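J.: Construct the entire structure; sequences and hints are all you get.
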Amino acid sequence: MIWLLILLLLNFSFFDLSEARHHRKLPSAVIIGTVFCDTCFQEKFSKTSHFISGATVAVECGNRGRKPSFREEVKTDKRGEFKVNLPVLVSKHVEKIEECYVESIKSSEPYCDVAATAKSSSLQLKSKKQNTHTFSAGFFTFKPLKQPNLCNQKPQNPNTFDDMKEIIQLPHPTLRLSEFAFTYPKPDRSERSSDLR
Numbered sequence: 001m002i003w004l005l006i007l008l009l010l011n012f013s014f015f016d017l018s019e020a021r022h023h024r025k026l027p028s029a030v031i032i033g034t035v036f037c038d039t040c041f042q043e044k045f046s047k048t049s050h051f052i053s054g055a056t057v058a059v060e061c062g063n064r065g066r067k068p069s070f071r072e073e074v075k076t077d078k079r080g081e082f083k084v085n086l087p088v089l090v091s092k093h094v095e096k097i098e099e100c101y102v103e104s105i106k107s108s109e110p111y112c113d114v115a116a117t118a119k120s121s122s123l124q125l126k127s128k129k130q131n132t133h134t135f136s137a138g139f140f141t142f143k144p145l146k147q148p149n150l151c152n153q154k155p156q157n158p159n160t161f162d163d164m165k166e167i168i169q170l171p172h173p174t175l176r177l178s179e180f181a182f183t184y185p186k187p188d189r190s191e192r193s194s195d196l197r
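With this note's numbering, letter number 114 in the sequence shown gets 114, and the count goes up by one each step, no holes.
There could be a bad hint or two in this list.
Unchecked claim - Using C-beta positions, here's what the derived DEER-type ranges look like: (1) G138 - K92: 18 to 26 Å; (2) A116 - L150: 42 to 50 Å; (3) V94 - Q153: 16 to 24 Å; (4) P87 - K126: 18 to 26 Å; (5) R79 - L125: 15 to 23 Å.
To be clear, the hints were calculated from the coordinates, so they are not data collected in a lab.
The structure presented is a predicted model; accordingly, all values stated were derived computationally and were not measured.
No residue lacks a Cβ here, since even glycine has one placed at the ideal position from N, Cα and C.
T.: Next up, the structure:
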C-alpha cells in the first residue's frame with residue numbers, strides 16, 4: 001500500500017514537472033509600434049514631425065464586434081514607442097494573434113490631439129528571437145486641429161543644411177605659413193633721423 005502511494009506521488013510530480021517545462025517552451029508574442037505628431041499634415045514622418053511621449057494606445061485581440069479576449073492600454077515612452085506582451089492564451093495561437101489590432105486612444109499633447117491613424121490594419125512579423133515573436137503595428141499619427149503657420153513659411157536662407165554639409169566637406173588646399181608673410185617698406189633715413197632728435 002505504501003509503495004502504491006509512493007508511485008502515485010512520483011507520477012504526479014513527473015506530470016507537474018513536464019507540464020511546467022511545456023509552459024516554459026510556449027512561444028511568447030510582443031506587439032510594438034510608434035506614435036508621432038504629423039505637424040504639417042505630410043502623412044509621413046518629416047522634418048516638422050516629432051514623436052509623442054505619453055500617448056495612450058490600446059491593444060485588443062479577438063473578433064471585432066465581440067467582447068475582446070484580451071485588451072490592454074499602454075503609454076508611449078520618450079521615443080514615442082509602445083510595447084505590449086500578449087498573454088499565453090493568445091500568443092500560442094497564430095489565428096488569435098492575427099485578430100489583434102492596435103487603436104490610438106489619446107495624445108498627451110493638446111495642440112496635436114486629432115487622431116489621423118485610428119487603428120492598425122494588420123500586424124507584421126518583425127523578428128523571432130529566443131522563442132519570442134515580435135509583431136509591428138507600424139506608425140500611429142496625431143495632428144493639430146489646424147495646420148500651424150510655420151508649415152507655410154519658406155526658409156530665408158536658400159542653402160539647406162545638406163548644401164552646407166557639401167560645402168564643409170569640400171577639399172581645401174594646404175596653405176603654407178610663408179604665404180601669409182607680409183613685407184613692410186623700409187623707413188626713409190631722413191624720417192628715422194628726425195625721430196631720433
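J.: Which of the stated hints cannot be reconciled with the structure, identified by number in ascending sequence?
T.: 2 and 3
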